[in-house]
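So you can see what is in the structure, the chains are spelled out below.
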Amino acid sequence: MSKFRNIIFLLFLISQTISVSSDDFKEELYIKPLPPMHLYVYFQFITLITGDTYEHSHLAPRSLKEIMSRFQVEELHLTLTEGQWRHKQWGYPVMDAAPGAELYAWFAPTVTDVNANWKKLSATLSGLFCASLNFIDAHNTISPKMALTPLGAMNIGLNYTSQFARYASLPREIVCTENLTPWKKLLPCESSHGFASLLNSRLIHNTNYHSIGVHIRKVCSNNECTNYNFEVKQTVALVYDFKIINSINWSFKLLFGQGLFGGCPLSSSSKIYIDLTSNDTLPFKLSPKPISIIQSQRGGSDTLLAVYDIKADSPMINIGAKHSIDNKFSVTIPPPLHFNRYVLGYGKEFGGIVTEITNTYWAPIDIILLENAPWWLPIQLSTLRINGEAESSLILKQYYSPGRSRQRPYHLELLMRLPPKSTTTVTIDFEFVFLKWQEYPPDANHGFYIGSALISAKLPTAKNYTSIPVDGTTLESVINASKPWYPAVFRTNGAMVSLPTPDFSMPYNVICLACTVVALAFGPLHNICTKELVLKPSGTPISLRQRIINLFKKKKD
Amino acid sequence: MGLVLKYVVAALVRYWLIHSDYWQTLSNRVEIATPLNSWKRLIEGIYLFEHNIDPYDGDSFHESPLLLISFYSLLKYAPYLLPGVFTLIDILTAYFLYKTAKIFVRILKSNQEKNIEVISDESKAMMLTNLQLEEVPEYVLSVYLFNPYSVLNCVGMTTTVVQNLLLAVSLWGSVAGHRLVACIFIALATHQALYPITLIVPISILLADVNKGCKKCSYIRTLLVFILCWGFLILTSAYIMNGSYSYIYNTYGFILNVPDLKPNIGLFWYFFTEMFEHFRLLFVCAFQINALILYVVPLTLRFKNEPVLLATVLIALSTIFRSYPCVGDVGFYLALLPMWKHLFTFMQQKFIAGCAFIITSVLGPTVWHLWIYSGSANANFFFGVTLSFATAQIFLITDLMFAYLKREFTLKHGSSRQVDGKPAKLVLR
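Line by line, the protein sequences give chains A and B.
If you're matching positions, the first sequence starts at 1 in our numbering and goes up one per residue.
If you're matching positions, the second sequence starts at 1 in our numbering and goes up one per residue.
Don't take each hint at face value.
[As the list claims (entries may be wrong)] Below, in silico cross-link-like pairs of lysine to aspartate or glutamate (EDC-like), each with a Cα-Cα straight-line distance of 20 Å or less:
1. B:Lys425 - A:Glu532
2. B:Lys76 - A:Glu391
3. B:Lys262 - A:Glu532
4. A:Lys397 - A:Asp366
5. A:Lys145 - B:Asp57
6. B:Lys341 - B:Glu113
7. B:Lys422 - B:Glu50
8. B:Lys262 - A:Asp503
9. A:Lys119 - A:Glu66
10. B:Lys304 - B:Glu113
11. B:Lys412 - B:Asp121
12. A:Lys145 - B:Asp54
13. B:Lys304 - A:Glu532
14. A:Lys536 - B:Glu408
15. A:Lys531 - B:Asp399
16. A:Lys397 - B:Asp54
17. A:Lys436 - B:Glu277
18. A:Lys463 - A:Asp366
19. B:Lys262 - A:Glu349
20. B:Lys412 - A:Glu532
21. A:Lys536 - B:Asp420
22. A:Lys397 - B:Glu50
23. A:Lys285 - A:Asp275
24. A:Lys483 - A:Asp366
25. A:Lys531 - B:Glu50
26. B:Lys406 - A:Glu532
27. B:Lys76 - A:Glu389
28. A:Lys463 - A:Asp275
29. B:Lys262 - A:Glu439
30. A:Lys289 - A:Asp275
[Unchecked claim] Away from chain B, derived, C-beta distances all over 10 Å, residues of chain A:
31. Val111
32. Asp113
33. Asn115
34. Asn134
35. Lys184
36. Lys185
37. Asn206
38. Asn208
39. Ile317
40. Pro378
By construction, these hints were calculated from the structure, which means they are not laboratory data.
On a predicted model such as this, the values are computed, not experimentally measured, just so you know.
Glycine residues also receive a C-beta, built at the ideal position from the N, C-alpha and C atoms.
Taking the hints into account, I'd like the entire structure generated from these sequences.
Below you can see the structure in the form of structure tokens.
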């Protein structure tokens, strides 16, 4: 891994025309039809920050720079996602994200108290993006050992990643306009010009899947990699459902409610790429015609990309695709690796989580599976079964950190070799936990969300793979970028369990009743220990009148 | 012959049930297995230990390291022996209880002869006959061997089975006057579950009574041996865990702090589920004091002449009020009750308590199923059942003590309830 990090170089060198202190901004849009019924739209806005001081910023958001320098963050990834990416039908996205909020970061080796910085970082980001990231705490944070590696350049030792890395996800988080607005404000043109003007929240929240993200990493500023620049990448991924937009033919006006009025004047490049590969099965015609069509060969897959170069002063453009009427029904070929996750069992006492991973490739694939169970879902490692076997030869390496109630989640990482053309089932049992009544969220019977498992793989083929190579920044770097393997981190779907609930209206009654039972023991025991048995004449029964008189007599005494 | 038959039948029933299909269900029942003693947790702990992960790092294992290492080696070298081992341990427990009862009967008889002059002539008929006394150990044995609570506990393969053996041996050691045996086993029991620490009081009194001589020296000697043994066990456990004392937080800390609120037959779980966080510490302290030390001193002062009764009552009270009780604990003290068979005639609530035991034992699993599996009941139902189960046990134990006091009174003053020829009532003053 360290070797791989060492070879990371920034592809584009800063051109001589730009002065040292100025930043560089690029915007890109990538559209890929996901036949038969979906359309993937991916925006990325890249700001390259040159110069060290965070006080002076030109195009980069100062708030992010301050966060990075104040908490000594080396690399940061934040995504807010609604919906579930379907890897089996849709292939792989450029950047995968877990449902809800997901935040992970690497801190500088100089940080002494990583946990404190992590807490402050999440709290600050929570304010910046109006998301509930402040709920990230020690009890839902893990330090991934193998599954996650930094994407940026770092001069680091071997043990660096796990010690200074923190990962947390909040699967319950709901993503909406209030998160998108502050996100847009970080862009140099905000939403007034450029591609960001297409992000109309009324329409993008009407999609099957939407995910906004901020990814900050370090990139080398020269070939020797002695200096670093920060790269801020803001992304939006959308998956439109043709059924929802009510048409198989799409256009910018249909997708975003308006055409594109030129690029952002501050950007050095504004490009639109449209994947034409699916044209073979579901033919469509683009209008207006693209400037060029590029053929890209990458790891056994041929891709045709239509490219539009948008200038700041370009006239309004409304790119659209019109499908020919005789559309053939296509069979989607699943990607080399796809997975499914679900919860087993009935009742609210014992259950199990199953993760099914299918390798459709002809060779074995090595993956790292990261199971991250919250503390209220205590998994039992002794019940881990791979295809029903307790000691499976598929596991090459294993890491387990047991959780602690109210303090730490359960964290399991498995390095597995998936045999070719097979489905591997990973099962682990858990026991339902009975929480204190104040620990239940509002609407306790709604259920509790279990976060996604992470699957980190080195794919041998680039089929369905759209990610940008680690040494690249723009979508241009995807073209003809063949590598021995293609790294990817996927998120499985989340799940939900319904924890047993107490009666929330009962606290006083329960306290009274339980204390009464204790008193039932205390009273007689006190009597036995302090009093002695005596014979007391019971005498003749007293009349009611006498009894009342006695009552008053006692009072007089 | 009859004795051997009892042992064999009881062992066969246990062995068969462990091998039956019901085993899985039984070992997961909330009434039988608690987070502290369940077989599942033990397996998880052993698995982690085997894979070089500290089992006390997480929240899944709360048994003592000694038990961990012994079951680890057992599972490693002879896993097929496990059902047999659990059966054997339970049979041994019954055997030691039987031996204890035999010696106890002798003590009872000699005490009766010693106190013969204070017994009123009228009550001479109430004195225990040899025939009455001889059947007591048999009752103790039968109750332990065939009580559904102890059978289920053994079948569930909980660590309470081991706990019961340790308690039985220490009781036998103390009535037989073996100081070292009594102290070692009570230290082992304390090391495992903490609550048996209260038993050191009746044990030291018993040892001082049985081994005649200087009483104070005997108390001090017993206490010293106990503390040495316990300290040695704590050190040994730390040595097993490579010098780390983190297990203390996960065993004693877990017992005292009650972080896991999984329902059981005790009073803690729902009380602390519904507790306001602000008062949690106060009530944890109050409840633990109630279970551990509140009753030790007053009961000792009252029953210092009857250390075995004191031990029975303390075991029962700590079972009722401990943080993670299970039916195995209840089964154990119920087996001690036949030793007080002669008090049964003086008990007033045995019918009520008996009915409550039966009803709650049936209702408990029913409402649990309704709550957890069918979703048609809620937590209050199960809580109600556990409350009445605890109440029944409290009635039983307080009634036993009252019966003892009444019998003592009757022996001294005769059975007539008259003062100066007028009818009178026995009351506490």
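Going down the list of hints, with the structure as the test:
1. B:Lys425 - A:Glu532: Distance ~13 Å between Lys425 of chain B and Glu532 of chain A Cα, so the pair holds.
2. B:Lys76 - A:Glu391: holds, 15 Å
3. B:Lys262 - A:Glu532: violated, 41 Å
4. A:Lys397 - A:Asp366: holds, 11 Å
5. A:Lys145 - B:Asp57: holds, 18 Å
6. B:Lys341 - B:Glu113: holds, 19 Å
7. B:Lys422 - B:Glu50: At roughly 75 Å apart (the allowed maximum being 20 Å), Glu50 of chain B and Lys422 of chain B break the hint.
8. B:Lys262 - A:Asp503: It holds: about 15 Å lies between the C-alpha atoms, which stays within 20 Å.
9. A:Lys119 - A:Glu66: holds, 16 Å
10. B:Lys304 - B:Glu113: holds, 18 Å
11. B:Lys412 - B:Asp121: holds, 9 Å
12. A:Lys145 - B:Asp54: holds, 18 Å
13. B:Lys304 - A:Glu532: With a Cα-Cα distance of about 15 Å, the restraint between Lys304 of chain B and Glu532 of chain A holds, given a limit of 20 Å.
14. A:Lys536 - B:Glu408: holds, 17 Å
15. A:Lys531 - B:Asp399: holds, 15 Å
16. A:Lys397 - B:Asp54: holds, 18 Å
17. A:Lys436 - B:Glu277: Answer holds: Lys436 of chain A to Glu277 of chain B is near 9 Å, not above 20 Å.
18. A:Lys463 - A:Asp366: Between Lys463 of chain A and Asp366 of chain A the Cα gap is close to 17 Å, so the pair holds against 20 Å.
19. B:Lys262 - A:Glu349: holds, 10 Å
20. B:Lys412 - A:Glu532: Holds, at about 13 Å.
21. A:Lys536 - B:Asp420: holds, 11 Å
22. A:Lys397 - B:Glu50: holds, 15 Å
23. A:Lys285 - A:Asp275: Within the cut-off at roughly 12 Å; holds.
24. A:Lys483 - A:Asp366: At roughly 16 Å apart (the allowed maximum being 20 Å), Asp366 of chain A and Lys483 of chain A satisfy the hint.
25. A:Lys531 - B:Glu50: violated, 56 Å
26. B:Lys406 - A:Glu532: holds, 10 Å
27. B:Lys76 - A:Glu389: Holds, because 18 Å separates the two Cα atoms, which is no more than 20 Å.
28. A:Lys463 - A:Asp275: It holds: about 13 Å lies between the C-alpha atoms, which stays within 20 Å.
29. B:Lys262 - A:Glu439: The hint holds at about 15 Å.
30. A:Lys289 - A:Asp275: Within the cut-off at roughly 14 Å; holds.
31. Val111: holds, 24 Å
32. Asp113: holds, 21 Å
33. Asn115: Answer for Asn115 of chain A: holds, closest chain B Cβ roughly 17 Å.
34. Asn134: holds, 20 Å
35. Lys184: Consistent with the label, Lys184 of chain A stays out of reach of chain B, its closest Cβ about 40 Å off (over 10 Å).
36. Lys185: holds, 39 Å
37. Asn206: holds, 35 Å
38. Asn208: Asn208 of chain A clear of chain B: closest Cβ-Cβ about 32 Å, beyond 10 Å.
39. Ile317: holds, 57 Å
40. Pro378: violated, 6 Å
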